[in-house]
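Produce the entire structure from the sequences given, and follow the hints as far as they go.
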Amino acid sequence: MMKIGVFLGLAVIIVGLIVFMNEAVRRVPISYARRVGRGVSPFNSYLPLRLNQAGVIPIIFAVSLVLLPSIVSQFLTGIDNVRLANLAAGIAAAFNPQSLVYNLLYFLLVFGFTYFYTAVVFNPTKIAENLQKNGGFIPGIRPGTATSQYLSFVLNRITLIGASFLGFVAILPSFFQNFVGVANLAIGGTGILIVVSVVLEVTRELEAQLVMRRYEGFVK
Numbered sequence: 001m002m003k004i005g006v007f008l009g010l011a012v013i014i015v016g017l018i019v020f021m022n023e024a025v026r027r028v029p030i031s032y033a034r035r036v037g038r039g040v041s042p043f044n045s046y047l048p049l050r051l052n053q054a055g056v057i058p059i060i061f062a063v064s065l066v067l068l069p070s071i072v073s074q075f076l077t078g079i080d081n082v083r084l085a086n087l088a089a090g091i092a093a094a095f096n097p098q099s100l101v102y103n104l105l106y107f108l109l110v111f112g113f114t115y116f117y118t119a120v121v122f123n124p125t126k127i128a129e130n131l132q133k134n135g136g137f138i139p140g141i142r143p144g145t146a147t148s149q150y151l152s153f154v155l156n157r158i159t160l161i162g163a164s165f166l167g168f169v170a171i172l173p174s175f176f177q178n179f180v181g182v183a184n185l186a187i188g189g190t191g192i193l194i195v196v197s198v199v200l201e202v203t204r205e206l207e208a209q210l211v212m213r214r215y216e217g218f219v220k
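The opening position of the sequence shown corresponds to residue 1 in UniProt numbering, with each subsequent residue numbered one higher.
Careful: at least some of the hints might be erroneous.
Unchecked claim - Listed next, the in silico SDA-like pairs over lysine to any residue satisfying Cα-Cα at most 20 Å (straight line): (1) Lys133 x Leu47; (2) Lys133 x Pro29; (3) Lys126 x Ser45; (4) Lys133 x Tyr32; (5) Lys133 x Ile30; (6) Lys126 x Gln53; (7) Lys126 x Pro48; (8) Lys126 x Tyr46.
Hint data in this document are derived by calculation from the structure and do not stem from the laboratory.
Following this line, the structure appears as structure tokens:
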């Protein structure tokens, strides 16, 4: 009974953390010089950088690689060669989902793929160029190369948090089985992350539709 209580408590905390990480944004202040008559009036905005910029994609990439040794070992198990059979048994033991090697490799792959995918979807150099073309700048930072370097610095810092969190979510099932004693989970950390992300996205879409309907009613 106590284990179930601990499990439910941890589940609530994890869902809360996933919601926070999906919604958390680092706002980089942006200023635009706007002409008003003969003078120049500054217009302030911000560039949102999400803590979880990569979403669930790094976990999908990582799990496809971390399961590969187990698939190879299953293929080698039926071979008559003793050495290959022993090698297959060793691989199967090392890459058991509850083993330290499996979870450490899984965590590191998720961590690395998060940085890789974030670098693919977010290009600080292009962002800096677009800001400069549109007359935008980060207060205290020179436009151009300095802006690109600053955005890279900020992005690397927040990606460290996001990558660590995704790695933790990926190894959640093993954590529960090894330390909490709850086996055969119906849904793992990745599944929770996907479900919560979909619910949040649907909620945002509904809110946007409600705002549009209110605006249309006001115009009419």
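Can the restraint linking Lys126 and Tyr46 be considered satisfied, given a maximum Cα separation of 20 Å?
Satisfied, since the Cα-Cα distance of roughly 16 Å is no more than 20 Å.
Would the hint linking Lys133 and Pro29 be met if the CA-CA limit is 20 Å?
This hinted pair holds, its Cα atoms lying about 17 Å apart.
Given the hint that Lys126 pairs with Pro48, test it: the Cα-Cα distance must not exceed 20 Å.
Cα-Cα ~15 Å, so holds.
Would you mind confirming whether the straight-line C-alpha gap from Lys133 to Leu47 stays at or under 20 Å?
The hint holds at about 15 Å.
Within a Cα-Cα threshold of 20 Å, do Lys126 and Ser45 meet the stated pairing?
18 Å, holds
Going straight from one Cα to the other, do Lys133 and Ile30 come out at no more than 20 Å?
13 Å, holds
Please work out if Lys133 and Tyr32 have their alpha carbons no farther apart than 20 Å.
11 Å, holds
Is it true that the CA of Lys126 sits at most 20 Å from the CA of Gln53?
17 Å, holds
In summary, this structure violates none of the numbered hints.
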